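Participant: Residue-level listing of the chains:
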Amino acid sequence: MIDKLMMYMQYPFVRYALIVGVLIALCSSLLGVTLVLKRFSFIGDGLSHVAFGAMAIGSVLNLTNNMYLVLPVTIASAILLLSGGRKAKIKGDAAIAMISVASLAFGYLLMNIFSTSSNLSGDVCSTLFGSTSILTLTSREVSLCIALSVAVVMIFVLFYNKIFAVTFDEDFSKAAGTKSEAYNFLLAVVIAVIIVLAMNLVGSLLISALVIFPALSAMRLFRSFRAVTVCSAVISVICAFSGIVISILASTPVGSTIVAVNVLFFAVCYIFGTVLGGVRK
Amino acid sequence: MSLLDIQNLSLGYDSNVIIKNLSFSLNKGDYLCIVGENGSGKSTLMRTLLNLQAPLEGKILKGDGLMNNEIGYLPQQTDIQRDFPASVNEIVLSGCQARCGLRPFYSREEKRIAEENMKRMGISGLSKRCYRELSGGQQQRVLLARALCAARQLLLLDEPVAGLDPKVTAEMYDIIKSLNDDGITIIMISHDISAAVRFASHILHIGNSLFFGTRDGYLSSEKGKLFLSSKGGACN
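Protein chains in written order, with the numbering used here: chain F, 1 to 281; chain Z, 1 to 236.
Keep in mind that the hints are not guaranteed to be accurate.
[To be verified] These stretches of chain Z come out as covered by chain F in the derived footprint (C-beta under 8 angstroms, 3 or more residues):
#, region
1, 48-58
2, 72-86
3, 101-112
FYI, nobody ran anything at the bench for these hints, they're computed from the structure. None of the values given here were measured: they were computed from a predicted structure. Just so you know, even glycine gets a beta-carbon here, dropped at the ideal spot from N, CA and C.
This is chain Z alone, in the form it adopts within the complex (with noise of 0.2 angstroms):
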């Protein structure tokens, strides 16, 4: 069974829908890029993937032994978080809550999970700075750390090269890959087509009408064809 199973979903708020039958699945290990132009509801759905939100219609089946508590998920970064007081650490840290349930302290297990993640993203060495103080490649690697304690097998982006420089972009698609390499499957939204064509197994584009598909059928297909020529077409 496939790890995702996505039917017949209409998204949107109140009586306003944005996105109409949406059906698609994943599977263990794919990489899925979700493009489509502001406003055309990718965000939406990722917080419906998230539980954040109910569908208007259809259903979210997760196979393969998918729990609730197993998704990662890197959010775009809120007004409260540029100016929080906290340490790299306890952000990372406070990404195993779902493994503590009611439990009102970190277990040393937990503080172990949330070390190596951190060694993983290369950031051990700021573990007692302050979150507000770093930049903002560094800032997105402690929220990937963060995001990757909860994740043992989804891991949700949303928009995770924004406002970011070329290098820093260049190096957050390097670790994502190496994460998806290392068997979690990604589903992320972009606005860089280029980067989405060039990693993703699959694309999802929202809009007007709905593609899903592998990568190469989205670059044969005719509306992969206009997306990219209107973006000038950088997919080499």
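One chain only, chain F, in its complex shape (with noise of 0.2 angstroms):
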């Protein structure tokens, strides 16, 4: 098994696959701690269900490149999302679902419509459940994904306390005069980014799992938020890893295997975590 693993390892598109997967599950993971405390789990999938909106509007109009007009997209309704807060006329939960399934809708409608290609159902599958354009990056794609990655960690980790502070007592942190606003337009764009990139590697209905498991799975065994997120990003490489090569040695679908190792490990962390818990009291 090894010696196919190394031989497998020799092709560059299986090594940028490697790294583009374990990069886009870093960064999903660090986030996701913010989101799940945040009550903002299903951002991942509203966002991405949007994305594919966009994507499909991309393809009707024949565009190039789709990027231009998913980022766009989806940043703003991930600001629309995360900034309408407390005063919002349409809370949380009901927003995210609402926005998903009317793009989710729409795009399936345009692309039906006006379909270009012949393998329609195809498409569709495709962009839902992870292409296998993860299989097929170009060295260009992958230094974009490194750059942006990058990016995104640093942002974290020069923000991390005030992002903490700000999840934690959104209230408390404006009255001390931080700008929480600016904080949770500063999540909502990054986030936007993560999942436009984790669409390629596990397809808009799996990026939710990316996003949460982890970081559920580190809030079982660790009670402080570094530790938390430490831990969440150590978790989410290993899964990310660990299901990248699962899938190419027994040839199964990337998006779904990564998530389903994502399971296997929360299933882990909980079942120990409840015996730490039971030793430590």
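Dock chain one against chain two, each of which comes alone in its own frame, and use the hints as you go.
Facilitator: Put into structure tokens, the structure is as follows:
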């Protein structure tokens, strides 16, 4: 099996897939902790459906590069959802659900009416469940992904203390003079970028898993914000790496394999956390 | 000049005015209790004082060199906080965020301030513990320590004893009193009128009519008498 793996590793596309997969998993897990705690677990799902809708519009318009349309639309929706806050007329979960199903429906509708491809359901399926595009990355896409990931990690580290403060108690931070709107805005932009990146990896239906599972697993094991954040990043990287390797060796779909590994890991952490918690008490 | 000067303040949401023409002023070292029924606008007033909400009309003047980042705030607990994985140390330290400005990390001085305030609240031993596993009284001390990291002059407390048992409630009031004795100005929202008249130097009663004055003035006023008798008159 090792031989087989080494053999695959010689191909650049396998190495690219591993690099990009691990980086995306790292970024999404860092923000996942904050999003889960803010009760925005489903934002990944919602935004990725928006991205799907935007992609449909892009392919109908025959754009050469969908990214120019998908990214701004997704960022705009993220800002709308995260910065609406408590004043919004339609709140949190309802707003996400609304935007998510609406763009999914319109996306599919548009693709159906203005279909240019002969294999429509195949196209839709690969956008929803992750395409093989992770295995066909060009070196330019890989370097773009590396640059964006480095930017996300830097932003997270630099604003870590502020992100913690704003997540834990927005009112207190605001009263103390921290510009919490600005940080919510930043968070929205970053999460939108990550989701658009991650669509290549696991597809738009499974992105939520990358955001929430590592965070939830880490919360089973640790009790301080820093430990949870670090642990969630580590878990996410391990799961993404082993998920991609397994999918290559067993020739299973990449996205769902990564998610399955995440789910297994969560189960292990849950049992471990319960046992440990029992011992501590 | 007084620390806070409130002039003709009108508060509310959209066109719905809750409080009209409120004026009062506070001096350094005062202990103000805000009392009144649910929905009378106590929390709205506090949010306005904290700049979380704009007043419909009127002005809030800050004197004595009181800066916005010298105000500490003890909010009511939110659902999010109840199961938040964070250590006591992390939470108290976040009280120093206003001192940081745009600097990304806390300085040694700020860590020292956080430690000092934990000692002051008697929670040094808990600093590595997880916030959600603490008792209600301990959690409230943690949030108070965090508020103290921000408060150099003024501390605003929103129902600090809500949901605490009588013993812990008494401890909490003693802590707040001792902070006031150290020279920090206190503004507290409370439903506990008997405690309000026991500890406060000034009372602000919000309702259909407004009352602001010293504690003794409140006790002898019609409004105070009425409110006390409806609460069972537990004021001695």
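Participant: Confirm or reject each hint.
Facilitator: Here is what the structure says about each hint:
For the region 48-58 of chain Z, the stated coverage by chain F is satisfied: 3 residues place a CB nearer than 8 angstroms to a CB of that chain, which reaches the threshold of 3. With 8 residues having a beta carbon nearer than 8 angstroms to a beta carbon of chain F, the region 72-86 of chain Z meets the requirement of three or more and the stated coverage holds. Only residues whose C-beta sits within less than 8 angstroms of a C-beta in chain F count toward coverage, and the region 101-112 of chain Z has 3 of them, enough to reach three; the restraint holds.
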